[in-house]
Amino acid sequence: MKFGISVLLITHGILAVLLLGAITHQAIAAAWPAAKRAPGFFNSLRSVNGMSYTNAVIILFLVTFALGTIIYPTYRVSVRTLLQEYHLYKPEGAFEMKEHLLALSLALLPVYWFLWRTPTGENRIARTAITSIIAVAVWWGFLTGHVINNIRGFGS
Amino acid sequence: MTKEARLAAVFGLAFAIIYAPTMDLNWTAATYHPIQGVWDLGKAAPKGGGSPAMYWYGFVVTAAIGAAIVTALAALVPEKLMERVPWATLTWVAVVCSIAYITYVLLPYATKT
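Quick note, the sequences are listed as chains A and B, same order.
Residues 1 to 156 in the numbering used here are what the first sequence spells out, letter by letter.
Residues 1001 to 1113 in the numbering used here are what the second sequence spells out, letter by letter.
Hints in this document: simulated from the structure, not taken from any laboratory.
Predicted model only: the values in this text are computed from it and were never measured.
Where a beta carbon is used, it is the ideal one built from N, C-alpha and C, also for glycine.
All clues stand as given, with none of them false.
Below, in silico cross-link-like pairs of lysine-lysine (DSS-like), each with a Cα-Cα straight-line distance of 27 Å or less: (1) B:LYS1047 / A:LYS2; (2) B:LYS1047 / A:LYS98; (3) B:LYS1043 / A:LYS90; (4) A:LYS2 / A:LYS98; (5) A:LYS90 / B:LYS1112; (6) B:LYS1080 / B:LYS1003.
Partial list, computed: chain B residues near chain A (C-beta under 8 Å): (7) PHE1015; (8) TYR1032; (9) ALA1088; (10) SER1098.
Same shape as in the complex, but just chain A (with noise of 0.2 Å):
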């Protein structure tokens, strides 16, 4: 069970780390774009086509979301009452955080899907938000799930 659980811990470890560069990408694409394509590397990156990265980050949020869901319950009983324990309040209140954020950018995939098929000049503002959401989610339930693990301590 305990070695179950932290296989797939590192499995949506890994999938999230794959997830943020394609989020990361497109994000930064969409908000910042490149007029013409010209060498160095923040031009390369503002230059990419965002369009291209919609059903892999789909499909990575998908498969990562599902993954946390089930490794959740590991969290509640055996991470979270350490953190209550030592009253360590602000990385609990992160995770808290991140649940939420990440259910949140859950019920935006279908609209963020549908504004990257047929990306407008029209719809771009509102395109680049939701793309910026989903990425600050991603970025902040990372960042906090690494957090996590580094407290608790992997396989401890």
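Take the given structure of chain A and dock chain B to it, following the hints.
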């Protein structure tokens, strides 16, 4: 925006509006007891044995059911009326407001020592 895209925006908007008070007031659709591995319908107290009562799954279900009902009702509204509303913009604004509400609810975690 196509009709499907508008309805997707309505779903995200309704989910955000329903979710924040759901987590604040605990309108959970179900409770999970991880030690016992048991589900209860609606809000239930912890069953003891060191098992917490987990409500978050139920929050997501409550908000999803509510949003699905709102979306179904929105599908009945004539297209000419629906077209006039900037649904995608309303959706992200509602999500930002919902995040602000949730942040306020969770603020004690940042202040208590």
